[in-house]
Amino acid sequence: MLDFFTIFSKGGLVLWCFQGVRGPAATAPVNALIRSVLLQERGGNNSFTHEALTLKYKLDNQFELVFVVGFQKILTLTYVDKLIDDVHKEFRDKYRNEFQQKGALGLLNGTFDFKDDFMRLLRDAEESSKVRAPTVMKTFEQSLKSQKTVKCMIETRGEKPKEKVKNKKNKGSKKEAGTEAVAAPSKASVGDKQLSAAGEKEELTKDEILQKNREEFFRRHMKAGEKSRSPKPDAQKEKGKKPRVWDLGNSNAKVLDYSNSATNGSAEAGPVEEFDPDMALGDKNREPGRLYDLEYESDDEAEEKVVQNPSKPSTKKGGLGGMFGMLKGLVGSKSLTREDMDPVLEKMKDHLIAKNVAAEIAVQLCESVAKKLEGKVMGTFTTVTSTVKQALQEALVQILQPQRRVDVLRDVMDAQRHRRPYVVTFCGVNGVGKSTNLAKISFWLIENGFSVLIAACDTFRAGAVEQLRTHTRRLNALHPPESHGGRTMVQLYEKGYGKDAAGIAMEAISYARNQGFDVVLVDTAGRMQDNAPLMTALAKLIAVNAPDLVLFVGEALVGNEAVDQLVKFNKALADHSMAQTPRLIDGIVLTKFDTIDDKVGAAISMTYITSKPIVFVGTGQTYCDLRSLNAKAVVAALMKA
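Number 46 in the UniProt record's numbering belongs to position 46 of the sequence shown; there are no gaps in the numbering.
What the hints contain is simulated information worked out from the structure, not anything from laboratory work. Where is the CB? At the ideal position from N, CA and C, for every residue including glycine. It is possible that part of the hints are untrue.
Stated by the list, open to error - In silico DSS-like cross-links for lysine-lysine, where the CA-CA straight-line distance does not exceed 30 angstroms:
1) LYS334 / LYS347
2) LYS592 / LYS389
3) LYS376 / LYS334
Stated by the list, open to error - Computed Cβ-Cβ distance ranges for the label pairs, DEER-style:
4) THR76 / ALA28: 44 to 52 angstroms
5) GLN19 / LEU557: 31 to 39 angstroms
6) ARG290 / THR76: 52 to 60 angstroms
7) HIS418 / GLY485: 46 to 54 angstroms
Starting from the given sequences, assemble the full structure and let the hints guide the process.
Structure, rendered in structure tokens:
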């Protein structure tokens, strides 16, 4: 029933392997498990699917071992979890001394004869999972109802059942216990007053009691009238609303006042727009064509800069460090257990969710860290919190570092050698900044010496073509043809509204090939991931034109929605494609990164769910506000308290 079972070290040395009779070789699926799960810190789930096989694995962090079992995906083997636990325990106990005494040499020179033990454990696991006999229904004599008498089941009218009364008493017991001590003195005082009043009333006559009650009644009403009267304010507030004056606003408000304008919105009669290149470019000291990394300074780095003094090296600190290091090696060590890590992981999970990481992703990350650390030996002077935090930081950095780096400039030059344009398609939901970031990427490509053709394939949103036309005009103003030997560096290809987007993209690519453009940037209409007709149209555009790069544009403000968007976009592209190997999302453009401060969890959610890299990060409104992702900077912001 099993295809294979293998035990290997985290260094890649296979210690023992069981191969099924008809099963395929274990090399390819195990290598896929290592690349996609173990190296990418995605161990939250202990199962992995590779083609027709399902792999289940277990980590031994104390001896750095990995236990992997593989079987056919169509089979439901209930004993696999028990088998892998039993094998793990048996193998550890049998070769514990060899691992502890010889270490790495024990792995290299050791002979692990484990076949008989494995077959015994396999038989035990299979027998334990056999279908059990159906449970027999209890007889009436065995039930609780048979133990009740007829008298206790009779209920009289107006009398509550005893069980309900007991439950109500139990619920109210806490409240009664808390208020009993407070209410006791007040009840006593009220009782004393009532007794004294009753004694006085017995001595007085009826007329005297009536007169006394009237006086008390009038006295109460007089006091209430005095309390209700409130003094009138001396000065009333001035009527009307004063305009707010902003500290950083424009003092000349007449420039912004169009209420009495005679133009009535006419473009011809309006004032001519003055274009300021410095405002469009932002930073004047930047290096043209360079894509800068994200920058973020953590609290630890800031503290180190304040504390460190290079002119006065501390000799005592080095001596103490050496002494503590020696003590750390001498004092006994401790193995981490799940009970030790659970409180810390719970806090870490809440911290990640507060930083905008999707809740599902935060749970899987913490589970992966727990599996990575469980059983690992920890030094005496190392706290559980610092160990878990360090492991989580390493896992986050590993997730943000892509499996395959997307180098756009290298790919564009490769397309130039083949005399064809490099095609990039942008897709995403409504309002995330596709057109704006397309213009930023166009500016970056132009500064690196590549000509760009923008294909206006958003034929649905009003003003989409005009927006791209404005960007084209401004980019040509910043890089006029005179500065590039008479060559137009950016041009817009548009066919208006209401046309087929896939057809426009195909015509634009053909036009770029004939005119010698280096890059074609295809702008598409924003669409929600649940809109089936629009998702079908997007899949058609990608399938027909086969772009070199498909970029999903997502904003950094989203939390759980990021997972839903990416999963459904990928699913729609796979479902509506006619090809055997459908084209999915290749990379991510993360926009509006300047609006989130340190809540950078969307970057983690997007890369974790797709295993695709974040190619560009939008950080502002100017053409130069485009960055490449710096994994360490994002993790530093994420772990900030």
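Checked against the structure, which of the hints given earlier come out wrong? 4, 5, 7
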